[in-house]
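Trainee: In case you want the letters, here they are:
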Amino acid sequence: MTEVTYADTWRRPPQIVKRRAWRWGLAVGAVIYLMLALGTIDIDWQRVVVGLERGQRFVAGFLQPDFVSRWDDIAQGLIESLTMTLTSTVVGILISVPIGIGAARNLTPPPVYLVCRGIIAVSRSLQEIIIAIFLVAMFGFGPFAGFLTLSFATIGFLAKLLADDIEEIDERQAEAIAATGASWWQLINYAIQPQVMPRLIGLSLYRLDINFRESSVIGIVGAGGIGATLNTAIDRYEYDSAGAILLLIIVIVMLSEYASGYVRKFLQ
Amino acid sequence: MLQIDSLSKTYRTGDKALTDISLSVPKGQIVGLIGPSGAGKSTLIRCINRLVEPTEGRILLGDSDLARLGKRPLRRQRRRIGMIFQEYALVERLTVMENVLSGRLGYVPFWRSCLRRFEPHDVRRAYALLDRVGLLQHADKRADALSGGQRQRVGIARALAQEPELLLVDEPTASLDPKTSRQIMRLLTEICAERKLPAIVNIHDVPLACQFVQRVVGLSAGKVVFDGDPSTLDETALSTIYGADDWHAMQQESRDDDEAESALRLVGVGT
Chain A
19 MTEVTYADTW RRPPQIVKRR AWRWGLAVGA VIYLMLALGT IDIDWQRVVV GLERGQRFVA
79 GFLQPDFVSR WDDIAQGLIE SLTMTLTSTV VGILISVPIG IGAARNLTPP PVYLVCRGII
139 AVSRSLQEII IAIFLVAMFG FGPFAGFLTL SFATIGFLAK LLADDIEEID ERQAEAIAAT
199 GASWWQLINY AIQPQVMPRL IGLSLYRLDI NFRESSVIGI VGAGGIGATL NTAIDRYEYD
259 SAGAILLLII VIVMLSEYAS GYVRKFLQ
Chain B
818 MLQIDSLSKT YRTGDKALTD ISLSVPKGQI VGLIGPSGAG KSTLIRCINR LVEPTEGRIL
878 LGDSDLARLG KRPLRRQRRR IGMIFQEYAL VERLTVMENV LSGRLGYVPF WRSCLRRFEP
938 HDVRRAYALL DRVGLLQHAD KRADALSGGQ RQRVGIARAL AQEPELLLVD EPTASLDPKT
998 SRQIMRLLTE ICAERKLPAI VNIHDVPLAC QFVQRVVGLS AGKVVFDGDP STLDETALST
1058 IYGADDWHAM QQESRDDDEA ESALRLVGVG T
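So the sequence lines, in the order shown, correspond to chains A and B. Every number in our numbering is 18 more than the matching position in the first sequence, counting from 1. Every number in our numbering is 817 more than the matching position in the second sequence, counting from 1.
Just so you know, these hints were derived from the structure itself, not from any lab. In this text, all values refer to a predicted model and were calculated from it rather than measured experimentally. Please note that the accuracy of each hint is not assured.
[Stated by the list, open to error] Some chain B residues judged to face chain A by a derived CB distance under 7 angstroms, without partners named:
{"#": "1", "residue": "Leu868"}
{"#": "2", "residue": "Arg895"}
{"#": "3", "residue": "Arg896"}
{"#": "4", "residue": "Ala906"}
{"#": "5", "residue": "Val908"}
{"#": "6", "residue": "Arg910"}
{"#": "7", "residue": "Leu911"}
{"#": "8", "residue": "Gly923"}
[To be verified] Between beta-carbon pairs, the in silico distance windows are:
{"#": "9", "chain 1": "B", "residue 1": "Lys996", "chain 2": "A", "residue 2": "Leu44", "range": "50 to 60 angstroms"}
{"#": "10", "chain 1": "B", "residue 1": "Thr827", "chain 2": "A", "residue 2": "Leu54", "range": "54 to 64 angstroms"}
{"#": "11", "chain 1": "B", "residue 1": "Asp948", "chain 2": "A", "residue 2": "Met215", "range": "28 to 38 angstroms"}
{"#": "12", "chain 1": "B", "residue 1": "Ser839", "chain 2": "A", "residue 2": "Val130", "range": "32 to 42 angstroms"}
[Unchecked claim] Pairs of lysine to any residue residues, derived as SDA-like cross-links and limited to a Cα-Cα distance of at most 25 angstroms, are as follows:
{"#": "13", "chain 1": "B", "residue 1": "Lys958", "chain 2": "A", "residue 2": "Asp188"}
{"#": "14", "chain 1": "B", "residue 1": "Lys888", "chain 2": "A", "residue 2": "Ile119"}
{"#": "15", "chain 1": "B", "residue 1": "Lys888", "chain 2": "A", "residue 2": "Gly120"}
{"#": "16", "chain 1": "B", "residue 1": "Lys958", "chain 2": "A", "residue 2": "Leu218"}
{"#": "17", "chain 1": "B", "residue 1": "Lys958", "chain 2": "A", "residue 2": "Ile219"}
{"#": "18", "chain 1": "B", "residue 1": "Lys888", "chain 2": "A", "residue 2": "Pro127"}
{"#": "19", "chain 1": "B", "residue 1": "Lys833", "chain 2": "A", "residue 2": "Glu193"}
{"#": "20", "chain 1": "B", "residue 1": "Lys958", "chain 2": "A", "residue 2": "Asn207"}
{"#": "21", "chain 1": "B", "residue 1": "Lys888", "chain 2": "A", "residue 2": "Asn124"}
{"#": "22", "chain 1": "B", "residue 1": "Lys958", "chain 2": "A", "residue 2": "Leu205"}
{"#": "23", "chain 1": "B", "residue 1": "Lys888", "chain 2": "A", "residue 2": "Glu185"}
{"#": "24", "chain 1": "B", "residue 1": "Lys888", "chain 2": "A", "residue 2": "Pro129"}
{"#": "25", "chain 1": "B", "residue 1": "Lys888", "chain 2": "A", "residue 2": "Asn207"}
{"#": "26", "chain 1": "B", "residue 1": "Lys888", "chain 2": "A", "residue 2": "Glu193"}
{"#": "27", "chain 1": "A", "residue 1": "Lys283", "chain 2": "B", "residue 2": "Leu963"}
{"#": "28", "chain 1": "B", "residue 1": "Lys958", "chain 2": "A", "residue 2": "Gly220"}
{"#": "29", "chain 1": "B", "residue 1": "Lys888", "chain 2": "A", "residue 2": "Val133"}
{"#": "30", "chain 1": "B", "residue 1": "Lys958", "chain 2": "A", "residue 2": "Glu193"}
{"#": "31", "chain 1": "A", "residue 1": "Lys283", "chain 2": "B", "residue 2": "Asp957"}
{"#": "32", "chain 1": "B", "residue 1": "Lys958", "chain 2": "A", "residue 2": "Ile187"}
{"#": "33", "chain 1": "B", "residue 1": "Lys958", "chain 2": "A", "residue 2": "Pro212"}
{"#": "34", "chain 1": "B", "residue 1": "Lys958", "chain 2": "A", "residue 2": "Ile206"}
{"#": "35", "chain 1": "A", "residue 1": "Lys283", "chain 2": "B", "residue 2": "Asp961"}
{"#": "36", "chain 1": "A", "residue 1": "Lys283", "chain 2": "B", "residue 2": "Ala962"}
{"#": "37", "chain 1": "A", "residue 1": "Lys283", "chain 2": "B", "residue 2": "Lys958"}
{"#": "38", "chain 1": "B", "residue 1": "Lys958", "chain 2": "A", "residue 2": "Phe284"}
{"#": "39", "chain 1": "A", "residue 1": "Lys283", "chain 2": "B", "residue 2": "Glu909"}
{"#": "40", "chain 1": "B", "residue 1": "Lys958", "chain 2": "A", "residue 2": "Pro216"}
Just so you know, even glycine gets a beta-carbon here, dropped at the ideal spot from N, CA and C.
Next up, chain A with everything else stripped away, as it sits in the complex (with noise of 0.2 angstroms):
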């Protein structure tokens, strides 16, 4: 009888390119092409100096933030902006969960699913600041213009979340409460929402801090907020008020950031 050997070194199997060559070819391109990429940006030097110095300018401006000499256009842009953010995102939750419903695949027929997809479609393949310019045109400068927007943007992001955490259920529950002869609506109330409201919930939550930090970018295309006040501030190089405005901002999300997440946590 023969002593079978095993061999006592194993390297893990190539997992995607499985040919050496290609292998080491894939790499060597990747970095002749970045080298190439780097050589062609060219960089104004000079440019950089005095962007440079008018950093520094800003960040001493940071370090030395100016709450009180602008406080009432601050306070005004914080309370805009907090406005905003909540009814926007009450809006946008409002609308995008019949939306969500919509586009789950195994709860509607196919037109509707279509639709509903659409609109997800649309509202996500447009970037804030985009719907903001538009939606600034089309209804004037101010707060109403960037409550629309983010309601807008809200859709896309929850209703598509929504509308993947509903495919994703246990179709077995959903089919036990099918078989006692449960109506659609009620098929929904009790073995749709039950499985995805915590994940609404914490999604909602989520949705809020964004849309207050969107606030804040979309208030410099004229779409009110504490993002109109920092821009002023910037144009007229007050970068002590700007230093101000923006520590409010980070000291605002850092709060709502702890709040959902401690309120998810809860909910798990």
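Given the coordinates of chain A, assemble chain B onto it according to the supplied hints.
Mentor: This is chain B only, laid out in the frame that chain A set:
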């Protein structure tokens, strides 16, 4: 009571799951449906309440043909058929009580079910059923807080809340340990006897089936190949259902299991 006439099911992929099945189940009879995996046991059960759409044939429950019903009438007929699932299929995040009451969904309007304002006699019956399956004190717990055997008992209570005229039971013991399996089967058979309920129990554990059911139907590759009393289920019959194997050894093994279990019970362990 239930009459199935030349039922066939062909999946869209072209796989023939059921071929020309005819079967009739009288009131109060418990039928054990056995057969290897993929024989079409689950498909057959699901065709009856149309969780799977049958391709051909008739399914008569009383005098309505379940295979030809539109959406609304189908929902009305589904109320008459209670179903118990493999791995319970309870709505995990709802309370035990809500799960039991969900058996009434076919009878109540949406607003009642949505506000959880069920009618007093429904609530009373739900409590009575929970008492019957021994879970009265767990009514307010969430379903995912229960053990496997308890969950299956909630599943039984949910099916009974429908006041069904027929029970469809799909692998009720598939994820339970041997002792709990026996308890669940015993509970099922007792309940069926109490209410003269006919039941089709899809089960892969042959000795367990023989112990509890009054009639065994063997499926193989989508066809009925055995139909008779459990006592007539001998080695030749098992070989036609499952293919040749050493059945004697398997039955001996399960007898050993039984003895071991009763021995444990005598010493007072194993609970």
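Trainee: If a hint holds in the structure, say so; if it does not, say that too.
Mentor: Hints, one by one, checked against the model:
1. Leu868: 6 angstroms, holds
2. Arg895: 4 angstroms, holds
3. Arg896: 4 angstroms, holds
4. Ala906: 4 angstroms, holds
5. Val908: 5 angstroms, holds
6. Arg910: Because about 4 angstroms separates B/Arg910 from the closest Cβ in chain A, which is inside the 7 angstroms limit, the hint holds.
7. Leu911: 5 angstroms, holds
8. Gly923: At 3 angstroms from the nearest chain A Cβ, B/Gly923 passes the 7 angstroms test, so the hint holds.
9. B/Lys996 / A/Leu44: 50 to 60 angstroms: Given about 59 angstroms between the Cβ atoms, the range holds.
10. B/Thr827 / A/Leu54: 54 to 64 angstroms: Since B/Thr827 and A/Leu54 have Cβ atoms about 59 angstroms apart, the given range 54 to 64 angstroms holds.
11. B/Asp948 / A/Met215: 28 to 38 angstroms: 30 angstroms, holds
12. B/Ser839 / A/Val130: 32 to 42 angstroms: 39 angstroms, holds
13. B/Lys958 / A/Asp188: 20 angstroms, holds
14. B/Lys888 / A/Ile119: 20 angstroms, holds
15. B/Lys888 / A/Gly120: 19 angstroms, holds
16. B/Lys958 / A/Leu218: 23 angstroms, holds
17. B/Lys958 / A/Ile219: Answer holds: B/Lys958 to A/Ile219 is near 22 angstroms, not above 25 angstroms.
18. B/Lys888 / A/Pro127: It holds: about 14 angstroms lies between the C-alpha atoms, which stays within 25 angstroms.
19. B/Lys833 / A/Glu193: Holds, because 23 angstroms separates the two Cα atoms, which is no more than 25 angstroms.
20. B/Lys958 / A/Asn207: Holds, at roughly 19 angstroms.
21. B/Lys888 / A/Asn124: Holds. B/Lys888 to A/Asn124 sits at ~17 angstroms (cutoff 25 angstroms).
22. B/Lys958 / A/Leu205: Between B/Lys958 and A/Leu205 the Cα gap is close to 21 angstroms, so the pair holds against 25 angstroms.
23. B/Lys888 / A/Glu185: Holds, because 22 angstroms separates the two Cα atoms, which is no more than 25 angstroms.
24. B/Lys888 / A/Pro129: Cα-Cα ~19 angstroms, so holds.
25. B/Lys888 / A/Asn207: Distance ~19 angstroms between B/Lys888 and A/Asn207 Cα, so the pair holds.
26. B/Lys888 / A/Glu193: 15 angstroms, holds
27. A/Lys283 / B/Leu963: With a Cα-Cα distance of about 22 angstroms, the restraint between A/Lys283 and B/Leu963 holds, given a limit of 25 angstroms.
28. B/Lys958 / A/Gly220: 23 angstroms, holds
29. B/Lys888 / A/Val133: Holds: B/Lys888 and A/Val133 sit about 24 angstroms apart, inside 25 angstroms.
30. B/Lys958 / A/Glu193: 22 angstroms, holds
31. A/Lys283 / B/Asp957: This hinted pair holds, its Cα atoms lying about 23 angstroms apart.
32. B/Lys958 / A/Ile187: 22 angstroms, holds
33. B/Lys958 / A/Pro212: The given pair, whose Cα atoms are some 15 angstroms apart, holds under the 25 angstroms limit.
34. B/Lys958 / A/Ile206: Holds, at roughly 22 angstroms.
35. A/Lys283 / B/Asp961: Distance ~18 angstroms between A/Lys283 and B/Asp961 Cα, so the pair holds.
36. A/Lys283 / B/Ala962: Measuring from Cα to Cα gives roughly 19 angstroms; hence the hint holds.
37. A/Lys283 / B/Lys958: Holds, at roughly 21 angstroms.
38. B/Lys958 / A/Phe284: Distance of about 18 angstroms is within 25 angstroms: holds.
39. A/Lys283 / B/Glu909: 19 angstroms, holds
40. B/Lys958 / A/Pro216: Holds, at about 18 angstroms.
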